[in-house]
Amino acid sequence: MTGADAPQTSTRRRTLIVASVAFLALGALVSLYGPLFPALRERFGVGVDTVGAVVSAHFVGSLASVLASGELIRRFGYRKVLTAGTAVLAAGLAGLAPAPSWTLFLASAAVAGVGFGVTEVAVNLLVARTFLGGAAPALNVINAVFGAGAVLSPLLVAAFSPRPEPPMWSLAALAVLALVAVLTLRAVPAPPARPGAGEPVAWGALAAFVLLYFGYVSAEVGVTSWSTEHLTPTLGPAAAAAVPGLYWGTLTVGRLVAAAVATRVRPGRLIVGGLIAAVLALLGALYAPAAPYMYALVGLALSPTFATGLAWLTERMPRRAEQVSPAVFAAASVGPIATAPLIGVAVAGFGPVAVPASLAAMAVLALVSAAWLRLGDERPERP
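Converting from the sequence shown to our numbering requires adding 13 to each position, the first position being numbered 1.
FYI, nobody ran anything at the bench for these hints, they're computed from the structure. The structure displayed is predicted, hence computed values, not measured ones. Here a beta-carbon is modelled for each residue, glycine too, at the ideal position from N, C-alpha and C. Some clues are possibly wrong.
To be verified - Label pairs and their calculated CB-CB ranges:
id: 1; residue 1: Thr247; residue 2: Gly60; range: 15 to 23 angstroms
id: 2; residue 1: Val381; residue 2: Gly60; range: 27 to 35 angstroms
id: 3; residue 1: Leu80; residue 2: Gly389; range: 20 to 28 angstroms
id: 4; residue 1: Val358; residue 2: Gly90; range: 42 to 50 angstroms
id: 5; residue 1: Pro113; residue 2: Leu29; range: 38 to 46 angstroms
id: 6; residue 1: Tyr300; residue 2: Glu55; range: 27 to 35 angstroms
id: 7; residue 1: Gly389; residue 2: Ala81; range: 24 to 32 angstroms
Please model the entire structure based on the sequences and the hints provided.
This is the structure in structure tokens:
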């Protein structure tokens, strides 16, 4: 390493550390709600067709902040946006445990979602810009840390199940972790200069990325949110609550593997192959005795999609990445908002078997979009 390379290496290392702390908190939050569904239904007296509203509330807040994130970063810079975003996240988390009513619980989830959305977009873009030209491995690493955080929440819920109240200290611990992220993000390094504008937007490709993330995040969050409802009748509440932890464990391991594989395999091929495997595993989960293992395979199959997809988008539209990325992240937020209530209605009407069937349909949407984009890699699309 030359003397000229040392500052860049130091900046990249610091960026990864800062991003990892933030994503640990985000991952712990995103997997928290689903395992709490049975306890929340009992605590607040809501039905299976209503409890999914907490996921929608979180992603409504996330959507609002995602749409504003690009302009916020442009006006105030990464450091201020990230510090403010994680502070809002901590405030929302602090309101969840003591919420005396379902309405206030939903409001706190929405506030946490606002902080979640800003932080997720800004951290991903910060890493993508810092590692421009080879961002897929770095993005997979920080998303693996996200997965490690997501393993924690279901295991904590399972350890305290069955109980009539959600484990308050786990919610408080998550709020403290978000506060640690606030302090860490104050030291965020400045990213490289932003590339010049002037590149036309490939609208067809952008639409395909939007559909890819809509379907993918609906399936990813859907497994976290609904696998407990699917499996409680056959496994019991404690064992079923632990399944999302297993799912996020395989998702995390898969992202670490993807960080190495992404240096050798093109993004389109990696994503399409993973989504094919995810669809097959979700169909396999229709057989209830095999479902816990199938959900674990789903995590492994979906693992490269989010991070590699962002690197793929940056590669396809390098000078427009900061402008078009919020649209893709917005699709990621809209997916669970739209689909969580629909899954709840399907479960109420057809029983737990509706969970893997619905999630497979969402994964198929993501697969079709990714396959179309991969064709565009071979035959570049006219903007």
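Right, here's what the structure says about each hint:
1. Thr247 - Gly60: 15 to 23 angstroms: Holds: the Cβ-Cβ distance is about 21 angstroms, inside 15 to 23 angstroms.
2. Val381 - Gly60: 27 to 35 angstroms: 33 angstroms Cβ-Cβ, so the 27 to 35 angstroms window holds.
3. Leu80 - Gly389: 20 to 28 angstroms: Holds - the Cβ-Cβ distance for Leu80 and Gly389, about 26 angstroms, lies within 20 to 28 angstroms.
4. Val358 - Gly90: 42 to 50 angstroms: 43 angstroms, holds
5. Pro113 - Leu29: 38 to 46 angstroms: 40 angstroms, holds
6. Tyr300 - Glu55: 27 to 35 angstroms: 29 angstroms, holds
7. Gly389 - Ala81: 24 to 32 angstroms: Holds: the Cβ-Cβ distance is about 29 angstroms, inside 24 to 32 angstroms.
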